[in-house]
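Construct the entire structure; sequences and hints are all you get.
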Amino acid sequence: MGNHIDSLIREEMKQEIFASVSRSKRKKVIKVVTELKEKSPLKHKLQRAVLFLALLAGAISMAAPFLWMVSTSLADPGQIFSENRAWWQEWLPTSFVWKNYVKVWSVVPFAKFYLNSIFVSLCITFGQVATSAMAAYAFARLNFPGRDRLFFGYLATMMIPGAVTMIPVFILLRHFGWIDTYKALILPGIFSAYGTFMLRQFFLTLPKELEDAAKIDGCSYLRIFWHIILPLSKPALATLTTFTFMGAWMNLMWPLIAVNSIEKYTLPVGLAYFQGVHNTDWTLLMAASMMMILPILIVFIFNQRFFVEGIKLAGIKG
Amino acid sequence: MKNGLRDKTKETIAAYGFLMPNLIGFLLFTSIPVLASLGLSFAKWDLLSDGPKFTGLSNFIELAKDPFFGKYCWNTLYLMAAIPISMAGSLLLAIALNQKLKGTVIFRTIYFLPTICSGVAIFMLWRLIYNPNFGLFNTSIAQFGDMLGLRLTGPNWWTDEAWAKPSFIIMNVWQSVGGYNMILYLAALQGVPRDLYDAAEVDGANSWQKFWNVTWPQISPTTFFIATMSLIGGFQAGFDQAYVMTGGGPNGSTTTIIYYIYSHAFDWYHMGYAAAISWILFLIIFVITILKWSFFGKNIHYA
Numbered sequence: 001m002g003n004h005i006d007s008l009i010r011e012e013m014k015q016e017i018f019a020s021v022s023r024s025k026r027k028k029v030i031k032v033v034t035e036l037k038e039k040s041p042l043k044h045k046l047q048r049a050v051l052f053l054a055l056l057a058g059a060i061s062m063a064a065p066f067l068w069m070v071s072t073s074l075a076d077p078g079q080i081f082s083e084n085r086a087w088w089q090e091w092l093p094t095s096f097v098w099k100n101y102v103k104v105w106s107v108v109p110f111a112k113f114y115l116n117s118i119f120v121s122l123c124i125t126f127g128q129v130a131t132s133a134m135a136a137y138a139f140a141r142l143n144f145p146g147r148d149r150l151f152f153g154y155l156a157t158m159m160i161p162g163a164v165t166m167i168p169v170f171i172l173l174r175h176f177g178w179i180d181t182y183k184a185l186i187l188p189g190i191f192s193a194y195g196t197f198m199l200r201q202f203f204l205t206l207p208k209e210l211e212d213a214a215k216i217d218g219c220s221y222l223r224i225f226w227h228i229i230l231p232l233s234k235p236a237l238a239t240l241t242t243f244t245f246m247g248a249w250m251n252l253m254w255p256l257i258a259v260n261s262i263e264k265y266t267l268p269v270g271l272a273y274f275q276g277v278h279n280t281d282w283t284l285l286m287a288a289s290m291m292m293i294l295p296i297l298i299v300f301i302f303n304q305r306f307f308v309e310g311i312k313l314a315g316i317k318g
Numbered sequence: 319m320k321n322g323l324r325d326k327t328k329e330t331i332a333a334y335g336f337l338m339p340n341l342i343g344f345l346l347f348t349s350i351p352v353l354a355s356l357g358l359s360f361a362k363w364d365l366l367s368d369g370p371k372f373t374g375l376s377n378f379i380e381l382a383k384d385p386f387f388g389k390y391c392w393n394t395l396y397l398m399a400a401i402p403i404s405m406a407g408s409l410l411l412a413i414a415l416n417q418k419l420k421g422t423v424i425f426r427t428i429y430f431l432p433t434i435c436s437g438v439a440i441f442m443l444w445r446l447i448y449n450p451n452f453g454l455f456n457t458s459i460a461q462f463g464d465m466l467g468l469r470l471t472g473p474n475w476w477t478d479e480a481w482a483k484p485s486f487i488i489m490n491v492w493q494s495v496g497g498y499n500m501i502l503y504l505a506a507l508q509g510v511p512r513d514l515y516d517a518a519e520v521d522g523a524n525s526w527q528k529f530w531n532v533t534w535p536q537i538s539p540t541t542f543f544i545a546t547m548s549l550i551g552g553f554q555a556g557f558d559q560a561y562v563m564t565g566g567g568p569n570g571s572t573t574t575i576i577y578y579i580y581s582h583a584f585d586w587y588h589m590g591y592a593a594a595i596s597w598i599l600f601l602i603i604f605v606i607t608i609l610k611w612s613f614f615g616k617n618i619h620y621a
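Protein chains in written order, with the numbering used here: chain S, 1 to 318; chain U, 319 to 621.
In short, the hints are calculated from the structure, not lab data. Take the hints with a grain of salt, since some may be wrong.
Some chain S residues flagged as far from chain U (calculated, every beta-carbon gap over 10 Å) [stated by the list, open to error]: (1) 98; (2) 109; (3) 212.
Distance windows between CB atoms, simulated [said to hold, decoys possible]: (4) U:346 x S:60: 46 to 52 Å; (5) U:334 x S:63: 48 to 54 Å; (6) U:420 x S:247: 30 to 36 Å; (7) U:517 x S:42: 23 to 29 Å; (8) U:395 x S:216: 55 to 61 Å.
None of the values given here were measured: they were computed from a predicted structure. Built from N, CA and C at the ideal position, the CB exists for glycine as well.
Pasting the structure below:
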């Protein structure tokens, strides 16, 4: 019965839509349809409730390992092996052994790893954003012989896997005698074709009028770059900064290749080393892991917008 | 005229000034190494002898006969089973989050967490989660069994050759399902013109028909983009997790192509052989990239 009425209404509405060309009228019709649909609010509400519960279940399974990580990092080392724990004790910390977090710093040179990671990641981030922005400005706004061919060269190398270049770069740095120095950790990470490409695409979307006016006023290219291009590009620069920092902070393979003495280790290498030496100290390993991801979590929570925008930007480039 | 010429020279000088820092790095750490790597792939060198010795195609011939290389290629492909699973999950999540329910932003943040915190710390966490005796999975399975009055025991996860790869796939899906792909899908869904749904609704299409006839074709460029990017990433993946969790084992079951390159180059100092493998990897990625470009080149004309 209801179905029959529905289809009648629909038929009528089709007629109306065909008859009317005006968009506003069509909107109105659609509104009627939706209102009619919501005549069965119970079904609709139920659907949304089920969907919400499904999302919630998904979110719990995403967050569960982290919760377990926190509770393990705060557990008494003897306690986690006890067989007679209730299921909720797995999840919620029943003890708060903050000592685990303190102990990590004395068992391995954790402070050294941390400082190395901060220093290396900051240098790479600053260097990459600066050199990429400068090169991107030249590619986007300046005319010079060989520009297009050079840019094509940049584009072409973007698809070359890092595995291809890492071996000769290692040999080159070894030839310079830079292996096991901060230079080896930092320098290869600074120059990025991808960062240049991304910023160039962004600079191209900026309106040219301001620059033209500045040029007529006799502004130098450096001043245009510094006072017009950079301030207008804050979102793109923030996105590149965030992604570069995260990449540098997480990188395991290159530091493994570039350095070999413990006092040069960055956090990922240090953590892997820690695991090798203290294989069974679960509580300490989890406390150390917590401390490694904490800065990333903070960066993420405060810069969430840039992540979303950055991903979309990367997606559009196709 | 003279003035114009001077301006042009000025511009060129300025341009190369801006380019210089990046260009030096580009030459030193990208272009020259690419050529060097190609040269190395036709040579043998252990870093100790005076220099690389040219051996022609012998690295590639050895590679063709290397049973380990075949096995590790298979491992890499097997682990990529995580890609379609996580893409389907990402799409479902994006559709659900696009319904404008309460708390969407919080959900998105939580789903994104595993992607953000990837890396050594998370692999260490999963190593413990998969611990056969005390890990999260097996204790949960046992406790679930207790509730039913049964004695259930979970598998040995990554310590068991049969379970190692599935363990990694589960972990990789967890890591990527709510990450970049979900955000891309969400953006794509929001870009589907409302009119198309209106028209479908007036025609009496149900939810499934609307999805299949409107949403799916409209977001297909995004699907293709995600698929090709994931493939490119997938062929180069698997080093960190294997290094931290299994050391490539048990019995080489979690060693991927990139791990094999690393081992040859930096554990055994077979620089030429490692370079040869990396060029095979490059060729695979090159083919996928060409496919991607040709697809998008065509698509942009229609858009």
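Hints, verified against the model:
{"no.": "1", "hint": "98", "result": "19 Å, holds"}
{"no.": "2", "hint": "109", "result": "16 Å, holds"}
{"no.": "3", "hint": "212", "result": "14 Å, holds"}
{"no.": "4", "hint": "U:346 x S:60: 46 to 52 Å", "result": "49 Å, holds"}
{"no.": "5", "hint": "U:334 x S:63: 48 to 54 Å", "result": "51 Å, holds"}
{"no.": "6", "hint": "U:420 x S:247: 30 to 36 Å", "result": "34 Å, holds"}
{"no.": "7", "hint": "U:517 x S:42: 23 to 29 Å", "result": "28 Å, holds"}
{"no.": "8", "hint": "U:395 x S:216: 55 to 61 Å", "result": "59 Å, holds"}
No hint from the list above goes unmet by this structure.
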